[in-house]
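Peer 1: Sequence:
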Amino acid sequence: MATTRAKTGNAKPRVFPKIEEAVTGKKTTGAASKANTSKPRAKKVSTGRVTKPAAEKKVVKKKTPVKAAADKVNGAVLKTEAKVEGKPAKKAAGTTKAKSTTTKKAAPKTKAKA
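Numbering of the sequence shown is given in full-length UniProt numbering, commencing with residue 1 and proceeding in unit increments.
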């Protein structure tokens with residue numbers, strides 16, 4: 001059985017020194033304290049909604065039918081080449097080239113009837 005120091009009489013009471021409060025916070029008087037920011041904030045020029053100038057519409061030039069057909073053939077060749085080599089990224093590039101999305105027109109939007 002283990003014996004403790006308290007049992008044997010060798011225990012001395014531990015005395016902790018009292019810590020003085022040397023540093024105290026500053027008390028502000030008058031106006032409310034400001035935020036401590038490293039850089040001054042920019043002054044706001046305008047309030048409310050800001051209108052942006054309308055962007056100019058880009059004119060999309062269609063590919064010539066000869067180039068479109070050539071791209072389809074090149075894409076198909078690239079796709080089969082990649083399939084044999086086992087390179088999926090190259091195959092995907094061939095697929096996108098063969099699809100030639102630049103010649104396709106977007107379907108017109110239709111309004112849903114209530």
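Honestly, I wouldn't trust all of these hints.
Calculated cross-link-like contacts (lysine to aspartate or glutamate; reagent style EDC-like; alpha-carbon spacing at most 20 Å) [as the list claims (entries may be wrong)]:
hint	residue 1	residue 2
1	111	85
2	91	81
3	97	81
4	83	71
5	97	85
6	97	71
7	99	81
8	90	71
9	61	71
10	99	71
Note that these hints are calculated values from the structure, not bench results.
Peer 1: Now, for every hint given, state plainly whether the structure supports it.
Peer 2: Tested hints:
| no. | hint | in the structure |
| --- | --- | --- |
| 1 | 111 to 85 | violated (47 Å) |
| 2 | 91 to 81 | holds (8 Å) |
| 3 | 97 to 81 | holds (14 Å) |
| 4 | 83 to 71 | holds (18 Å) |
| 5 | 97 to 85 | holds (18 Å) |
| 6 | 97 to 71 | holds (6 Å) |
| 7 | 99 to 81 | holds (17 Å) |
| 8 | 90 to 71 | holds (15 Å) |
| 9 | 61 to 71 | holds (16 Å) |
| 10 | 99 to 71 | holds (8 Å) |
The structure does not agree with numbered hint 1 stated previously, though it agrees with all others.
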